[in-house]
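Colleague: Chains as they are written, first to last, in the numbering used here: chain A, 1 to 103; chain B, 1001 to 1412.
Hints were generated in silico from the structure; no laboratory data involved. Note that the structure is a prediction, hence the values are computed from the model and not measured. Honestly, I wouldn't trust all of these hints.
Stated by the list, open to error - Simulated coverage check for chain A against chain B, where a stretch passes if three residues somewhere in it have a Cβ under 8 angstroms from a Cβ of chain B:
hint, segment
1, 50–59
2, 73–79
3, 83–89
What the hints assert, rightly or not - Per label pair, the in silico range of CB-to-CB distance:
hint, chain 1, residue 1, chain 2, residue 2, range
4, A, R37, B, R1274, 26 to 36 angstroms
5, A, R78, B, V1042, 34 to 44 angstroms
6, B, G1396, A, R44, 38 to 48 angstroms
7, B, I1401, A, S90, 26 to 36 angstroms
8, A, R86, B, L1356, 37 to 47 angstroms
9, B, V1220, A, Q49, 51 to 61 angstroms
Ideal Cβ positions, reconstructed from N, Cα and C, are used throughout, including at glycine.
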Amino acid sequence: MTNDEDALNGREENTESLEQQLERLLEDAEFTVASLRRELDGARSRREQEAMLRAQHAEIDRLREHLAEAQVHWGAVREFFEAALRELSSDQQDDDSSGEGQG
Amino acid sequence: MSEVDTVKSASQPTETPAVTAEKTLRSPLAGLPVSARTRSIVEWFVVVAAVYVLITAVSGIGSGFKMAVGDQAGELFQFAANPFVGLVIGILATVLTQSSSTTTAITVGMVAGGLPIEIAIPILLGANIGTTVTSTLVSLGMARDKDVFRRAFGAASVHDMYNLLSVLIFLPLELMFGILQHASDWLAAQTGGSDGGPVAAVFGAIGAGVKAFTEPGVNVLQWAVSPLPGVWAGIVLILLGVVLILAVINLIGKLLKVLLVGRAERVFHTAIGRGPMSGILSGTLITVMVQSSSTTTSLAVPLVGSGKFSVKQIFPFTVGANIGTTLTALIAAFAFTGVEGQAALQAAFVHVLYNLFCAVVIFGVPFLRPIPVAAAQWLARIGAENKLYVVAWVLGIFLVIPGLLLLATVLL
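Go ahead and model the full structure; you've got the sequences and the hints to work with.
Modeller: Right, dumping it as structure tokens:
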């Protein structure tokens, strides 16, 4: 074996070990990124959860208003049924006009 | 709605019309020219007096039922022997009175007066379905904003779906095996029977004390109808009892809302973020406090409508409302003693056991639990897009289908 061949083999081994090192570094980096991502998601989720709980507690502080409103308002019920009837008649008109258009 | 949806909407200023109206609780005795503390004491006295009238009225219904039908209750109510008729009667009676407590209290009185328990059971089950109409009607008041309405109607519908699923599971089981009838019979014998041991002795003593206390009131009611001939006197006594129950349950609800709103707030604050069991417990406690499941489930409507709570989060709370409302029937059962007392207790226990069994089965069986929430969200989604679905649901479930079932049973 000549010196050149030795040098070539040595470079190949070095390249392989360098690639392995880079691979390991990449794996470590990916692992770190994944765990950082998990931690970030967890922190966001905790913050959202806390915000939700705070909002819910704030809503319960208005329980008096909600209890006062927790009854049937017949005027609103009538309005709802009237709006539904209007939707029905406008749907029928649409159907009629599209039927005429086709005819 | 997902939890994330809840958070997103929590950060947005999605005030519901209910909240912007800024109405506050007002006691029926707010006009009394006394200090707040004295008024509070007077309100508690009125609540106690109203409970007295409630028990007296239930007792009056029992007496009136006996006077009207004598020993023929089974024969006269043969038309309701078909369980679907009983179910429909329970639904329609509760829709009309908007109070399941009224329907169950009347049923307890009638069972004590001789109505067979197998006829009463479907009526009690129907009361659970009928009571959901109130929260549904409350949600219609939030239809101006599509998203608010979708959430609010979902909160109301989850109670509908849960109660419909409960009846779909338990009515066939009851018809096949008589689970509620046998379990309530055993429980009533243990607590109200002559040989039921110490528990029965305690219940008997309470019943005797309550009866002694309410007897003068019942005598007054009987005296008031005494000029009428027998059957008519009984019928008028029943009607008088129904009117009194409706009035006092309404009054008790209004007063307790004012008196216990602070405690209800604390119960809510404690329950938030602690899971479904805590939700069920808080729903039960708040319903016991306000003596009305309709109030509790209607309260869920603006809470979910505001976007701060999801339908899934509020679902256990409405289940708890079903359990809490059963206390009224138990209170009503103390209007009677002896054999009548045992029959009344059995009817009250049917309501208690049914609602406990439903909670255990639907929350315990993994594939059943998501059904009411998913069904309610689906209905709310299509209902928010087209109001006609909502109209069809409200009229169909609470009036048309029960009415047609009743008509078909009468005609066929």
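Colleague: Out of the numbered hints, which ones does the structure contradict?
Modeller: none
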